[in-house]
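Could you build all of it, start to finish, from the sequences and the hints given here?
If you read the sequences in order, they're chains A and B. The first sequence lines up with residues 1 to 338 when you count with full-length UniProt numbering. The second sequence lines up with residues 1 to 364 when you count with full-length UniProt numbering.
Certain hints may be false.
Capping the alpha-carbon separation at 25 Å, the derived lysine-lysine pairs in BS3-like fashion look like this [claimed, not checked]: (1) B:173 with B:86; (2) A:223 with B:303; (3) A:168 with B:55; (4) B:5 with B:86; (5) A:326 with B:303; (6) B:279 with A:326; (7) B:279 with B:303; (8) A:168 with A:223; (9) B:86 with B:55; (10) B:173 with B:157; (11) B:167 with B:157; (12) B:303 with B:247.
Since the hints were made in silico from the structure, they are not lab data.
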Amino acid sequence: MGSKAWLVEDESAREMLDRVLTERPFLLLPPLHRVPLRVGNIVEIVGPSPSAKTHILIQAAITCILPRQWKGVNYGGLGHLAMFLDLDCRFDISRFSDLLNHRIMEAANGSSSEVDCQIKESEAQNATTKPYNEELFASCMRRFLYIRCYDSSEFLATLKTLHYRLQKERETHGVNVHVLLIDSIGAFHWIDRGSSSFSLEGDTRKSLHLQSVTETVVQEIRKLLLVHPMLVMATKAAVLGNRYSMNDSKRNYRTWSAKDNLHSRNVTSSDQQVPYREYMPAVWQSLITHRILVRTTDADFVNGEHQNVSTYLSEWLLPPLNSVDKFIVRDTGVFVLS
Amino acid sequence: MAPLKNLETEYPIIDSNFQNFCASHGIFSVEDFLIHDLYMLAAFAEQNVSSERLKEGITQILSIIDDMHQPWLNGMELLEDAKRNKHFLPTGIQGVDLLLGGGIRVGQLTELVGPSASGKTQVCLQTASNVARNYMMLYLDTGNSFSPQRIAYFLGKTNELASAQAKNQILQKVMSNILCHSVFDIFAMFDVLHQLESNLRCQERGGGCRIRLLIVDSISLLIAPVLGGTSTRGRALMASAGYLLKKLAHQHNLAVLVINHTVGSEGGTSKPALGDSWKSIPHSRLLLSCDRGSNVYNVSILKHPSMCLAVSTLRYLSRALFCIYLCPFYIRLLGRLQGLLFRTCPYRFAGDEKNIEKMELFHE
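Next up, the structure:
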């Protein structure tokens with residue numbers, strides 16, 4: 001009897017699937033809606049600057065921190081924590097709170113056109129924009145965790161202590177961290193490359209240069225995901241290649257190619273195949289499970305009176321889908337056009 | 001990169017045994033811990049004789065590392081800080097203030113790009129004269145373009161109705177609030193900024209009148225000589241400068257305004273200098289241009305954290321708003337990279353509200 005006890009089943013496959021799908025749901029975030037994302041995926045959002053990459057991260061964070069349901073209204077969020085590692089140090093919290101507020105209003109009122117009218121009315125009445133629903137707003141904002149890193153040492157220190165921080169936040173809030181957002185991963189690229197010439201004596205001692213920093217970052221993220229499964233999304237600023245006929249790329253190729261072979265994947269000689277110039281070391285590229293390219297177009301979209309917003313295009317590179325989506329950024333967040 | 005033994009006095013757990021153990025794995029300072037796998041180290045410590053003490057030492061190191069990064073904040077705390085500290089500094093130029101939603105934002109790095117003779121320094125001087133009425137500010141001058149006479153002129157223009165004594169008082173106050181440093185290379189700028197950082201940190205505890213605005217006119221003149229060529233050191237310096245400015249802006253609640261010039265790009269158009277690596281460093285980028293034929297000054301937004309608008313241009317069709325008057329003998333030698341000699345042209349610079357006739361939002 002004792003030896004047979006461990007053969008007794010815990011749950012059937014169907015029960016397990018149900019459990020996993022509720023605890024670790026698929027996320028369909030516009031404009032990344034073509035590929036469902038779940039914990040354990042590491043998504044890289046590549047694009048020139050500016051191309052709404054940070055807005056995509058903010059969209060993901062808001063979807064994560066909004067509750068699924070609150071006082072009878074369906075918000076469609078996850079109710080989990082979101083962590084934002086700001087390596088670019090350009091995050092604007094007022095913009096974030098505006099977007100959150102608009103999302104709450106939109107969900108509470110049903111449609112975005114009503115929201116626009118309501119906003120205009122309320123703005124006419126009082127100049128200060130108070131949050132629509134203070135209690136919900138405050139509880140959501142408290143689920144958004146933010147840290148700035150001004151150089152690689154701070155970034156590494158954050159990653160090394162992230163395990164304990166995640167445990168602590170889980171105890172405080174009672175919910176897990178579902179998304180880890182990094183903006184942007186190539187921020188310290190030049191500073192780290194510049195410091196490689198300060199390498200110290202001997203080969204036994206590792207110094208803080210690009211290769212060792214990236215390897216450590218990848219190692220820490222991998223270990224973290226084993227214990228705290230999260231969806232990781234990182235933005236990366238890149239120069240677009242010849243395929244999109246950006247003016248600078250030709251010049252950049254010639255000056256960079258000689259020095260870059262050490263650190264980046266060997267780019268094939270025919271530039272037409274490469275959509276952008278890869279500069280992250282191969283160890284980071286092997287960590288990525290999904291990659292999407294966003295860029296801005298010249299076409300403008302008329303969004304109401306007196307407002308032309310730029311249209312952005314998004315294209316999945318990994319997994320390679322042959323479709324290109326158009327999206328704009330509205331007050332309520334990213335809105336897919338086609 | 002202080003060696004581990006310096007920590008022994010403060011943390012007695014990091015004794016010579018621990019230091020030897022770390023040295024055997026190639027770790028000599030706390031920074032080395034950042035790029036080593038601490039779990040592997042703990043596993044090695046298990047096999048050692050004094051494993052408990054070694055593991056305690058590793059835990060102590062982890063708590064030291066925890067102090068090496070910025071504090072974690074949640075959304076509400078960030079918002080509180082933004083509301084309390086990160087307000088707008090009006091520049092006194094109505095067009096720019098309107099476009100930016102109030103003025104230059106404290107805590108952010110704003111960049112002003114423009115071809116030669118498009119009024120960048122004039123915008124800086126006008127902003128300086130406006131902000132210095134209430135706060136102190138630091139002006140880093142790279143091309144000897146700072147002009148106290150011009151500031152006095154701007155003050156006179158905006159205080160036309162005040163009495164002579166009041167005007168004099170304001171002038172004295174503004175002039176004493178502006179600190180002007182000449183820097184001619186990037187290392188001198190780093191010196192000044194590090195000095196400023198340590199002064200501000202001391203002042204935080206002591207209180208007193210603090211600097212609110214930092215203008216670098218122009219940062220492209222400092223960075224462009226070190227960029228280029230095959231060395232990556234130039235870009236590393238540029239990125240470090242950008243991060244230092246952003247750190248000063250955020251932690252000490254400064255508004256930072258930097259000037260950049262434009263270079264030609266393919267197709268005959270012009271684009272901001274300093275390349276793509278600099279593009280993602282400032283928070284907002286404004287493009288200035290001057291249409292000399294019709295005395296109209298244009299300011300457009302190239303990038304802004306809150307606006308996803310296509311190049312949004314505010315064009316003032318009236319004569320008065322935004323034309324720059326320069327004293328006949330004011331000649332300025334511009335950016336040695338462009339090698340242009342700025343000729344005196346009759347422009348008028350006025351910030352009066354009554355002269356706005358028409359304002360339209362154009363989008364290009």
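Results of checking the hints against the structure:
no.	hint	in the structure
1	B:173 with B:86	holds, 24 Å
2	A:223 with B:303	violated, 37 Å
3	A:168 with B:55	holds, 21 Å
4	B:5 with B:86	violated, 41 Å
5	A:326 with B:303	holds, 20 Å
6	B:279 with A:326	holds, 24 Å
7	B:279 with B:303	holds, 9 Å
8	A:168 with A:223	holds, 17 Å
9	B:86 with B:55	violated, 43 Å
10	B:173 with B:157	holds, 16 Å
11	B:167 with B:157	holds, 10 Å
12	B:303 with B:247	holds, 20 Å
When the structure is compared with the earlier hints, violations turn up for hints 2, 4 and 9 and for no others.
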